[in-house]
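Engineer: Chains A and B, in that order, are what the protein sequence lines are.
Take any residue in the first sequence, count from 1 to its spot, add 1: that is its number in the working numbering.
Take any residue in the second sequence, count from 1 to its spot, add 3: that is its number in the working numbering.
Treat each hint with caution, since some may be false.
In the DSS-like style, the derived pairs of lysine-lysine whose C-alpha atoms are separated by at most 27 Å in a straight line are [what the hints assert, rightly or not]: (1) B/211 / A/79; (2) B/40 / A/133; (3) B/33 / A/115; (4) A/145 / B/40; (5) A/224 / B/33; (6) B/211 / A/133; (7) A/233 / B/33; (8) A/79 / B/40; (9) A/115 / A/510; (10) A/503 / A/538; (11) B/211 / A/132.
Simulated from the structure, these hints should not be mistaken for laboratory data.
Since this is a predicted model, take the numbers as computed values, not measurements.
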Amino acid sequence: MNFSKISILLFLIIVCTNTSLAQGQINVQERHGDLFEQEGRGFIDVVELPNGGYMSLSTGSAGGAFSLGNIIRFVQYKALHYVQVYDKNLNLVEQKQLDLDHLGKNLAFEKLVKFQNEFYVFSTFVNEKNKKKYLFYSKFDMDKRALEGSFIKVAEVKDPAAKTGYSESSFDITLSKDEKYMVVFGKDAELIKKERKSFFGKSSKQSKIGTHDFNFTFWVLDKDFEIINYEKNYAVTLKESSDKFYVRDFAVDDKGAIYILGKNDVVDELTRAEVKSNKRATWVDINKSAFVLEKINPDGKTEQYITSENDLLVDMNILFDKKGHINLVGLNGEQVYAKLATTGVSRIVLDNDNLDEISNVNDNFTEDVLEHVNDIMESEKSIDNMRNENRKSRIQKKTDKKLAKMTPEEKAYFDIKKRAALNVNSIAFSGLDENGDAMIVLEEQHLEIVTSSYTDANGRTTTTTTYYYHYDDLIFTKFIGDDVVQNYYKKSFVSINSPLQKSMDVSLKDGELTVMTQGHIVKSDGDLSKVRDAELKAFSRSEKIPGMKRKYFTYRKTVNEDTILAPAQNGKKVVWYKITVD
Amino acid sequence: MTRIVLFFCIGYTLNAFSQKDLPTTDSNAKYYLDDGKNTDADADFRIAATSLITGFLDLAYEQRINHTYSVELGGGYQFNKGVDVFKLVDDGVVSLSFPSDEELTKGMGFSLTAKRYGGEEAISQMTFQALTYRNRTSTFETYKYNAQDIFYTLGWKYLLSNSISAQAGFNAGLRLSKYAHTGTARIKDVKKTGFYGGFSAGFGCYIKY
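Here chain B stands alone, though its shape is the one from the complex:
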């Protein structure tokens, strides 16, 4: 009896070894496509690194509308006078009435952007075109400086590591600025219109709801 059982056991084992272990096709694509990367983000919360040069801490929230368009809302707090090249140019003209060496007392701003991405890749890894309206007001000891920028951006969005976003872009547009005296002296407001442009970059975090 033992011999018969042993014979069958050996036979079964040999048969099992002779069978090839064949893989199968798998419809669970999700498992194979999951690389941990947030490539299909719904939103992006970002800090504008280049705004720090102008003294503003700009934070932006970008919301995807569909795979081509997104909208972005931004708010900024000015912590320092910074270096705003376009203001410095204007300052040179109005320096007698609005001295540029005054201390900054307060600064706030907001922005609204509409973005269009190529290749239906909104909002994570693609080139984009954007139209932005930005309003910033800086309050000094005796006057307020208000800049309204309307500009076009040609930019690139990146996914660094799994969820860290990066954005870079070249801007060009119009600046409508206004110097308004806040003191008692009767100094007329000065309005200026000029070019606004340059390079902007920021880092953030992609969010998937």
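Next comes chain A alone, as it looks inside the complex:
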């Protein structure tokens, strides 16, 4: 072989290697704006502006407190909100306080909403005289970076503010997919029922089932802010059943009809760890995990769809496809004593008009997925693959002994790992791609509580409890027609003593999922056959920003299908990162 042939061969090898490497990588661009000092302490929202720039909202406070034990206590605080406007490279253009005072009253910020291509600020005020909380909207003037015009009252809920022993009243605002309608959900402040105490002061053990009042009020507004649908103290109930449901998800369609997905309270009872610890004897009640979908038309007519009683469902979301059909994507469960373990996924497609079932697809998690996400199965597999036969048999004997000692309940929990994702209780993300295929992302989450005691030389014992919030592996599922494809992504993250505000961001584009985790971008192919990742430099300590000693990320948001914005903060110093995934 002569020199020229060797050169060509070498060239081809290099080209092929580079091409194969490029195919396995994700093209992630990380850019950041200039450093600036923010007003306020934390960011609560960021939105993309029509000119390609961005606008963020931050919150802070004025005032202070002084206390001397429980005797003397002076406290006076006022929440302040600031608007920051950036150019397309996330360099700060202007920073201004958002004035929410009106007629001498302080209104509380509720939400910034983009509706009909305009920005609106929603604020609330608790009127102690009327014992009500009011929701107002005001148009936000982008040029002046201030509220324009008056405060217009939209909704109201009961709120005996001065009285203690009441739960907090609240509003929730959401838009229809085509942004033609807006729905406001209102929840009255409710009297927190005191637990009955026995003669010796111990509270009597009572199940919460059926004691909650799940009534709510909603307002559906059209593009002119006219109320076109309204129901006061509405309750989702089943005919000939005393079961009560609370709102798990809700949506408004392109015709102004509202859909309420009610979750049976029993389901929550099951997924709570306390139930297990309380050793509730009534675990046999777990055949009631139905979800109910109620459609309320603008004319007041209602339709109802109830999931089959035989299907145990852990969680469910509502999605609308292009045809207007309702897609209920859910997690299937299996009862293991007091726990409802997540064993698979389901997709129910309903006709928009009469809620008739068009299709119902269910699938269990695959063996491959379970083997990788259930750590206990992974360790068992590593034992099976051991070459040292003596060690292998020793470990197996130990395991057999353990199994023999187990109670039937413990054995049931031990066996469920082969069929269920042990630490999955809710849907982290659900969406429909351009072809109408539904995708679900699940994240393993669990809380570990470690209590440790330390006795010093003087005999004083100090007990410390540490809370470890685990955010582990991801499970991806996609419904392609009647088929369900699955894959997983291994990860591990622990937050000590405070749970993460948001553990991941997910976007869906061209049928491909992009997930931003704590330090990585994870991307799946359209058929989930490949899941790739890329490490984010922004989250790395080695990536230094001049003028900023350390970086803390407490907030981030997916602003469009392929752009995630995240501010790196250190005290008042801020740099906004723009992470773009191709």
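On the provided structure of chain A, position chain B as indicated by the hints.
Structural biologist: Relative to chain A, chain B alone:
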């Protein structure tokens, strides 16, 4: 004919019942924000509760300049010798020339304060910082005691019920005091400079013009 009228009446009634009674949005924010509370007060007329301990009945009038600043004018009448810790300390040094057991014959005072409120919440419910100049003169049988206090205050303002105000604060500053003999004996004036500070509290009424 009666049947036709009856038919239309029933039809109209049924139609009215079938219509949902929908609420409307309302731009009259004033109605919903009116909770009877004087949160946007222009002035505050207040009595200083802690001054009563020093024997002074201090009344103050605070006027809002804008949503951040206010000025306060105060006047005081001394009705009793009271307990002024800082005077008692000085009395111990000058007791031979200016006996502290003399009867109080007259006492007057005035003060001028500039206040700055946080969060543009002047003057009703917020923390504030203030700088005060206060001049008090107490006349005894044979001498006069004059105290000029210049102090900084970190305080809190509250709205109790609809218009009742409350104020509390911690003060720290300087006291320039002077003992001056008023009798015929040739006793030299004594001037002292020292720390002034402590806690102050008062109650008042918010005024909206």
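Engineer: All the hints need checking, so say for each whether the structure fits it.
Structural biologist: Evaluation of the provided hints:
1. B/211 / A/79: Answer holds: residue 211 of chain B to residue 79 of chain A is near 21 Å, not above 27 Å.
2. B/40 / A/133: 15 Å, holds
3. B/33 / A/115: Satisfied, since the Cα-Cα distance of roughly 26 Å is no more than 27 Å.
4. A/145 / B/40: Answer violated: residue 145 of chain A to residue 40 of chain B is near 31 Å, above 27 Å.
5. A/224 / B/33: It holds: about 25 Å lies between the C-alpha atoms, which stays within 27 Å.
6. B/211 / A/133: 25 Å, holds
7. A/233 / B/33: It holds: about 24 Å lies between the C-alpha atoms, which stays within 27 Å.
8. A/79 / B/40: 17 Å, holds
9. A/115 / A/510: 21 Å, holds
10. A/503 / A/538: Satisfied, since the Cα-Cα distance of roughly 19 Å is no more than 27 Å.
11. B/211 / A/132: 24 Å, holds
Consistency with the previously given hints fails for number 4 only.
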